[in-house]
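Asker: Protein chains in written order, with our numbering: chain U, 1 to 187; chain Y, 1 to 410.
Hints are computed from structural coordinates only; laboratory data are not their basis.
Here the structure is a predicted model, which is why all the values come from computation and not from measurement.
Among the clues, some could well be false.
As the list claims (entries may be wrong) - List of simulated lysine to any residue pairs, SDA-like, C-alpha gap at most 25 Å:
1. Y:308 / Y:164
2. U:40 / U:60
3. U:145 / U:70
4. U:116 / Y:50
5. U:17 / Y:164
6. U:154 / Y:356
For reference, the chains in residue letters:
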Amino acid sequence: MGQTRDIGGKKMSKNLKSEEILKYFKDEFKTKIKEGKIYKRVAGSKKNEKLGIWLKIDRTIFKDFIKHLCALQFPHLSVVSGNDLGETIELIYHFTLNSGKRMKEIELNVSVDLPKSKPEIETVCDFIPGALVTEREKQEMLGVKVIDIPDTRKLFLPDDIPDNVYPWRRDKTGPEKYYKNLHEVKK
Amino acid sequence: MKAKSTTKTSYHIPIGPIHPALKEPVHFEFEIDGERIVDVDVKLGHVHRGIEWAGSRRNPIQILYLAERICGICSYCHPIAFSLAVEGIADIEIPERAEYLRVIQGELERICSHMLWAGVAAHEIGFDSVLYITWEMRERALDLTEYLTGNRVTKAITMIGGVRRDITKDMIPRIQKDLKYLKDNFEKLRHIYLDDKTFKLRSKDCGILTNEEAVKLCAVGPTTRASGVKKDVRVDTSYFAYGDLDIDYMTPDVLTGEVNGDVYDRIVVRLLEVKQSIELIEQCLDKMPKGDIVAEPKVAKLLAQLKKVEGEGIGRHEAPRGEVVHYVKLTGEEHPYTWKVRAPTYNNILPWIPMLKGEQIADIPIVAASTDPCMSCTNRVGIIKDGNKNELTKEQLHQLSIQKTRRLMK
Numbered sequence: 001m002g003q004t005r006d007i008g009g010k011k012m013s014k015n016l017k018s019e020e021i022l023k024y025f026k027d028e029f030k031t032k033i034k035e036g037k038i039y040k041r042v043a044g045s046k047k048n049e050k051l052g053i054w055l056k057i058d059r060t061i062f063k064d065f066i067k068h069l070c071a072l073q074f075p076h077l078s079v080v081s082g083n084d085l086g087e088t089i090e091l092i093y094h095f096t097l098n099s100g101k102r103m104k105e106i107e108l109n110v111s112v113d114l115p116k117s118k119p120e121i122e123t124v125c126d127f128i129p130g131a132l133v134t135e136r137e138k139q140e141m142l143g144v145k146v147i148d149i150p151d152t153r154k155l156f157l158p159d160d161i162p163d164n165v166y167p168w169r170r171d172k173t174g175p176e177k178y179y180k181n182l183h184e185v186k187k
Numbered sequence: 001m002k003a004k005s006t007t008k009t010s011y012h013i014p015i016g017p018i019h020p021a022l023k024e025p026v027h028f029e030f031e032i033d034g035e036r037i038v039d040v041d042v043k044l045g046h047v048h049r050g051i052e053w054a055g056s057r058r059n060p061i062q063i064l065y066l067a068e069r070i071c072g073i074c075s076y077c078h079p080i081a082f083s084l085a086v087e088g089i090a091d092i093e094i095p096e097r098a099e100y101l102r103v104i105q106g107e108l109e110r111i112c113s114h115m116l117w118a119g120v121a122a123h124e125i126g127f128d129s130v131l132y133i134t135w136e137m138r139e140r141a142l143d144l145t146e147y148l149t150g151n152r153v154t155k156a157i158t159m160i161g162g163v164r165r166d167i168t169k170d171m172i173p174r175i176q177k178d179l180k181y182l183k184d185n186f187e188k189l190r191h192i193y194l195d196d197k198t199f200k201l202r203s204k205d206c207g208i209l210t211n212e213e214a215v216k217l218c219a220v221g222p223t224t225r226a227s228g229v230k231k232d233v234r235v236d237t238s239y240f241a242y243g244d245l246d247i248d249y250m251t252p253d254v255l256t257g258e259v260n261g262d263v264y265d266r267i268v269v270r271l272l273e274v275k276q277s278i279e280l281i282e283q284c285l286d287k288m289p290k291g292d293i294v295a296e297p298k299v300a301k302l303l304a305q306l307k308k309v310e311g312e313g314i315g316r317h318e319a320p321r322g323e324v325v326h327y328v329k330l331t332g333e334e335h336p337y338t339w340k341v342r343a344p345t346y347n348n349i350l351p352w353i354p355m356l357k358g359e360q361i362a363d364i365p366i367v368a369a370s371t372d373p374c375m376s377c378t379n380r381v382g383i384i385k386d387g388n389k390n391e392l393t394k395e396q397l398h399q400l401s402i403q404k405t406r407r408l409m410k
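Based on the provided sequences and hints, a complete structural model is requested.
Answerer: Right under this line is the structure:
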């Protein structure tokens with residue numbers, strides 16, 4: 001068990017190569033893949049390689065991209081991280097592929113830029129149910145609206161935190177005025 | 001939560017945020033039909049201390065010591081995952097000896113953590129004598145940690161580009177002596193946990209997570225491996241010296257020939273991993289090459305170098321509870337722009353739901369503890385039934401669990 005996982009009738013025992021993955025998505029989505037690079041790290045005395053891919057994709061193809069990725073091989077979603085870049089909010093989906101094979105794992109980091117005027121992204125929970133925790137966190141921490149998310153409640157933040165305050169933001173919706181006036185908090 | 005959905009046959013019981021089975025605050029709300037759990041809801045964030053935010057006001061070396069304080073039990077995993085991320089961005093080459101020393105520290109932490117967990121698991125089902133046996137063994141592993149790093153818990157061994165303390169030739173006999181002690185006592189532990197009739201009754205077919213659920217819910221660490229999913233960062237990728245060592249996935253079928261994904265299997269996996277960790281440390285002591293232990297010994301010079309680099313990186317390490325992920329973005333300033341910490345329990349939250357559904361109230365402590373959640377505890381549980389509030393204290397819930405064990409023993 002484990003070696004060939006059976007998800008949705010698809011056997012996923014095939015071993016993907018980083019170049020193949022990059023080429024597959026570039027052929028499929030052409031210019032909508034804005035950036036794509038492979039990185040390598042070596043470790044230990046034997047200098048075995050660890051491989052990874054950074055992809056920057058257009059938000060219009062995001063859901064389609066996830067669909068293609070799941071069809072290629074069901075990925076493990078580690079976490080979604082986010083940056084407030086001023087004009088835009090960047091979400092980075094950290095996947096891993098090829099788990100279960102000795103030193104064959106590939107990290108796949110997919111970055112999507114969302115405009116601050118309309119920070120919306122589709123949910124991936126219908127493909128990867130395990131994404132719920134991290135998507136709920138992005139909603140409350142970055143003020144990103146995850147469309148069709150199965151659970152819209154807050155996860156880490158208390159329910160009484162004011163609306164339109166997002167701890168990871170660096171603009172006026174950030175947490176600044178709250179931590180600067182901590183002495184004013186009623187006991 | 002859904003108080004209005006309560007019917008005559010089902011009621012709600014909140015557990016937490018402060019509770020004995022959980023080592024850190026977390027809030028569960030159970031929908032109960034008689035003794036059976038129908039639905040579970042989890043609420044987190046009671047110890048959200050804004051450490052990542054504090055980190056974006058500190059330099060990378062200061063963050064190492066801050067990261068160490070995210071969790072007492074995983075005080076090595078977090079700084080080392082952060083280091084891996086920063087080393088990736090700055091392209092720092094780690095000396096070979098340091099890679100081996102990092103494996104030794106990582107595996108020693110795994111032994112301490114799994115032993116701690118085994119004791120807690122025994123306590124949850126009312127076997128306090130077993131708790132004392134396991135923790136006596138863990139004490140030796142902690143003494144060894146103190147001998148190697150100078151501290152039992154907060155070790156401060158990590159440095160970007162290597163480690164801070166070497167293992168010299170004269171230290172090896174002491175390490176071997178302690179490893180031998182652990183190995184000799186391992187059989188005793190295996191016999192208690194895996195052959196004892198009552199242990200089997202409480203843990204077999206209890207809190208099941210299927211292979212498919214584990215994959216779809218992105219579970220990590222021993223929780224996912226106990227369901228037969230071969231996923232272990234140490235084996236999957238090459239980092240530290242793991243690529244040089246003889247290591248394989250520890251799934252329950254290695255020992256028992258079958259995978260059920262229940263609490264028993266999670267015990268099997270952790271015990272196998274304790275043995276595996278001892279062997280890995282021995283391999284490292286054998287193979288460790290001579291040389292430096294850190295890439296850049298001058299901290300000021302290292303900081304100046306890190307101040308110039310730009311980019312983003314991921315650090316992944318297999319912590320005792322599973323894959324820990326740190327994302328770091330450096331923008332050529334003193335402080336990192338973003339630092340995101342993803343601890344393994346984060347991914348093991350959702351798998352709790354299928355595990356707990358259909359189980360009994362008395363199984364809550366052992367099932368919740370079986371994923372080894374990194375959460376702290378004490379106090380009480382409240383039961384709300386027909387609008388009346390009854391409180392179940394820590395002792396009462398613990399007693400319920402003990403009574404179930406006694407019933408099964410008859």
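Asker: Determine for every hint whether it applies to the structure shown.
Answerer: Hint-by-hint comparison with the structure:
A hinted pair counts as satisfied when its Cα atoms are at most 25 Å apart, and residue 308 (chain Y) with residue 164 (chain Y) qualifies at roughly 23 Å. Annotation: proposed proximity of residue 40 (chain U) to residue 60 (chain U) is violated, straight-line Cα distance about 29 Å (limit 25 Å). Between residue 145 (chain U) and residue 70 (chain U), the direct Cα distance comes to roughly 23 Å. Compliance with the 25 Å bound is thereby established for this hinted pair. For the proposed pair residue 116 (chain U) and residue 50 (chain Y), the alpha carbon gap of about 23 Å is at most 25 Å, so the pair holds.
Among the hinted pairs, residue 17 (chain U) with residue 164 (chain Y) is inconsistent with the structure: their alpha-carbon atoms are about 36 Å apart, more than 25 Å. Taking the CA atoms of residue 154 (chain U) and residue 356 (chain Y), the gap is near 22 Å; set against the 25 Å cutoff, the hint holds.
Violation of the numbered hints given earlier is confined to hints 2 and 5; the remaining hints are satisfied by the structure.
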